[in-house]
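Visitor: Listed here are the chains, written in short residue letters.
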Amino acid sequence: MSPMSPTSEWHTLYQLGVDFLGFSMLAIGGAISTLAEMHRTVVDQHGWMTAGEFAELVALSQAAPGPNILVVTLIGYRVAGLAGAFVATTAMCLPTSIITFAVAGVWQRFRDAPLRIAIEAGLAPMTVGLMLASSYLLVRAADQSIAAYVATAVTALVMLFTRINPLWLIGAGAVAGLAGLI
Amino acid sequence: MTEQGEAAPAGDAAPERHAPTVSELFWGFLSAGVSGFGGVLPFARRMIVEKRRWLTAEEFTDLWSLCQFLPGPNIVNMSIALGLRYRGLPGALAGALGLLGAPFFIMVGVGALYMRFGSVPQVKSVLAGISAVAAGLVLAMAIKMANTPRVRSWMALFAVLAFTAIAIARLPLATVLAVLAPMSIVAAWLRMRSALARTTGDGR
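If you read the protein sequences in the order shown, they are chains F and D.
Per the working numbering, the very first residue in the first sequence carries number 1; after that it's consecutive.
Per the working numbering, the very first residue in the second sequence carries number 1; after that it's consecutive.
A portion of the hints provided could be inaccurate.
[To be verified] Chain D stretches covered by chain F per the calculated footprint, using a threshold of three residues with CB under 8 angstroms from any CB of chain F:
#1 65 to 74
#2 114 to 123
#3 144 to 157
#4 172 to 179
[What the hints assert, rightly or not] Stretch-level coverage of chain D by chain F, calculated; a stretch enters the list once three of its residues show a Cβ under 8 angstroms from a Cβ in chain F:
#5 24 to 36
#6 47 to 60
#7 94 to 107
#8 127 to 136
#9 187 to 199
To be clear, the hints were calculated from the coordinates, so they are not data collected in a lab.
Owing to the predicted nature of the structure, the values given are computational and were not obtained by experimental measurement.
Just so it is clear, CB atoms sit at the ideal spot from N, CA and C, and this is done for glycine as well.
Chain F with its partners taken away, still in its complex shape (with noise of 0.2 angstroms):
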C-alpha cells in the first residue's frame, strides 16, 4: 500500500464506516444482494481496488470458513488494514444489530399481519435483482476466459441440482486453476 498521512488514514476509516454503514441499511434479504453496490462505491467510485482484486476477495471470503458477510472484514482489510477490517465489519454488523434487538420482540406480533405479508412479498423480486446483478458483476470480472465461464456454469448447476459441500467446488477450481485450466 502507499505511505498515507495520518489524516488520509483516518478520512479512508470515516469513509469505510459511512459506506458499510450505508449498505447494511440497504440489505434486504441479505448481505450479499449488496454485493454489486459495495463493487460500485469500493471499486467504480472510491477506486480502491480493481474489479479483478474484488472478485477475488469475494472468493476468499468464500472459501474462508465464517459468514458470507465477513467479505466486507476481507474489503476493509485491503483498503486500510486491521482497522479497516473492525470498521468495515463493525459498520456492517452494529447498527442494525441494535435495530433488530430493539424491534425483534414487537415485531412477532405482527407476523400475519396483512402489510408485513406485502412488505416481504414485494421485498422479495427487489432481492433477487440484486443477487442476479451482484452475479453479473462477479461473472464478468472474475471469468477472463472460456474455460472461467464454463466453471462458473458448471458449479451454478451442481449447486441447483446436487447437495453437495461447495468447498468441494471451491477445491476443484483452486486445483484447476492451479494447473492452468482456468
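Given the coordinates of chain F, work out where chain D should sit on it, guided by the hints.
Guide: For chain D alone, coordinates are given in the frame of chain F:
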C-alpha cells in the same frame, strides 16, 4: 427466501425445547460460524433446530423471515434475535460475538496472506480458479431465490427492473430501492387482495 424450514418433519411429537444459557449461545453460534463454508444458514439451522433444539422448525422459519426482513446481515440478526429471546442483552451479545469473533480473525489472516502473496503467479492462478467457482455459487443462490412462488409470477418484472438498474445502468442502490420497492410492495398488496377476493368468492 431460501425456504429450508419447510422440510420440517410433520410429527413434532417431542417439542422438548431447550432454553440455552448465555455460554451455550456463545459456543453454539461459534461452532456454526466456523463450520459454515459458503454460507452459515444450513449449519446454523442444523445446530439450532436439530442438534440443540433451541427452536422448533416452524419457530426457526418464522424468526428467519423476520431477520431477512430487517436490514443487515440475516445470520447476525438471527444470533441477536435468538439470544435476546432467551437471555436478553447478554444473550444477544453472546450470540453475535460467538458467530463473528473467530471468523473475523480468520478473515484478517486470509487478508494478510492475500496482501503478501496475492500477486505470486501460482497464487494468481489459484485465485482465478476459485473466483470463477465463487461467481457460480452466487449465481446459484440468485437462481434459487428467484425460483419461489412469489417471485415466479409477473412480480418477476420488478426483479428484472432492479437487475437492469443496478447491473446495466449502474445506478446507486438507495435510489433504485427508493423508486422500485414501494411500487413492488403496492403490486404485491394488490395481488394479495385479488387472490383473497378470488378465494372468498363474490359473497359480499
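Visitor: Are the hints correct? Go through all of them and say.
Guide: Here is what the structure says about each hint:
1. 65 to 74: holds (count 10)
2. 114 to 123: holds (count 4)
3. 144 to 157: holds (count 9)
4. 172 to 179: holds (count 4)
5. 24 to 36: As far as the stretch 24 to 36 of chain D goes, the hint holds, because 4 residues have Cβ atoms under 8 angstroms from chain F.
6. 47 to 60: This one is violated; 0 residues, fewer than the three required, reach chain F with a Cβ under 8 angstroms.
7. 94 to 107: holds (count 8)
8. 127 to 136: Answer holds; 10 residues pass the 8 angstroms Cβ test.
9. 187 to 199: Satisfied; 5 residues make the cut.
Of the hints listed earlier, the one the structure fails to meet is number 6.
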